[in-house]
Amino acid sequence: KAGVTQTPRYLIKTRGQQVTLSCSPISGHRSVSWYQQTPGQGLQFLFEYFSETQRNKGNFPGRFSGRQFSNSRSEMNVSTLELGDSALYLCASSFFPGGPANTGELFFGEGSRLTVL
Amino acid sequence: KNEVEQSPQNLTAQEGEFITINCSYSVGISALHWLQQHPGGGIVSLFMLSSGKKKHGRLIATINIQEKHSSLHITASHPRDSAVYICAVGGVMDAGGTSYGKLTFGQGTILTVHP
Numbered sequence: 005k006a007g008v009t010q011t012p013r014y015l016i017k018t019r020g021q022q023v024t025l026s027c028s029p030i031s032g033h034r035s036v037s038w039y040q041q042t043p044g045q046g047l048q049f050l051f052e053y054f055s056e057t058q059r060n061k062g063n064f065p066g067r068f069s070g071r072q073f074s075n076s077r078s079e080m081n082v083s084t085l086e087l088g089d090s091a092l093y094l095c096a097s098s099f100f101p102g103g104p105a106n107t108g109e110l111f112f113g114e115g116s117r118l119t120v121l
Numbered sequence: 004k005n006e007v008e009q010s011p012q013n014l015t016a017q018e019g020e021f022i023t024i025n026c027s028y029s030v031g032i033s034a035l036h037w038l039q040q041h042p043g044g045g046i047v048s049l050f051m052l053s054s055g056k057k058k059h060g061r062l063i064a065t066i067n068i069q070e071k072h073s074s075l076h077i078t079a080s081h082p083r084d085s086a087v088y089i090c091a092v093g094g095v096m097d098a099g100g101t102s103y104g105k106l107t108f109g110q111g112t113i114l115t116v117h118p
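Note that the protein sequences, when read in sequence, are chains H and R. Quick note on the working numbering: the first sequence kicks off at 5 and runs consecutively. Quick note on the working numbering: the second sequence kicks off at 4 and runs consecutively.
This is chain H alone, in the form it adopts within the complex (with noise of 0.2 Å):
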């Protein structure tokens, strides 16, 4: 069974610029999470989707926004870069919230690498 699958896994950007960012959930998760980790912070939620809405959002300014598709699929897009979005982005998959099958278990991508210069 395939793992979760984060695409790019590294990129290095200019400040102004934007970025998206992709997660590919185990099959059959529908929902998806995301997470910002960076040396002085360390894991911050961003947002959580299930069924193509956001469920959850953390803290973070407007410039970051996700969406996620009718495949489960998940996107996050940070526009307008600045240097301390450079960070380890993470997703994470999961069984649909609250039937049966969900154990609360979260699974994790290996993480997009972002540098912004």
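Hint data in this document are derived by calculation from the structure and do not stem from the laboratory. Small disclaimer: the values here were computed from a predicted structure and weren't measured. A few of these clues could be false.
[Claimed, not checked] Some chain R residues close to chain H (C-beta under 7 Å, calculated; not the full set): (1) Gly44; (2) Gly45; (3) Ile46; (4) Ser48; (5) Met51; (6) Tyr103; (7) Gly104; (8) Lys105; (9) Leu106; (10) Phe108; (11) Gln110.
All C-beta atoms, glycine included, are put in the ideal place defined by N, C-alpha and C.
Knowing the structure of chain H, use the given hints to seat chain R on it.
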């Protein structure tokens, strides 16, 4: 004060030692996760707890809901256990059920096990 506090921040052990990492939280939760992160970034979920105790191989996780405290124990530690261990709390209930993705993370414990 952080909502999720882990201790210790750094831990060095000799192979075979019994290891304990602690996590205290100040928010109401319905789920607590223990995660493992190796160099390079990938995160693996070790346990998700809402009460009691779970065991998987040499790993044991416990949670005390009343005291808002959880511990991760590693018995017979091995150099391959060297990693960052992260406690995360969350679990948001709404009309759709419980979603587990909205998490608040501890700062992590860096574990190094020497042969």
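Index of numbered hints that the structure contradicts, given in increasing order: none
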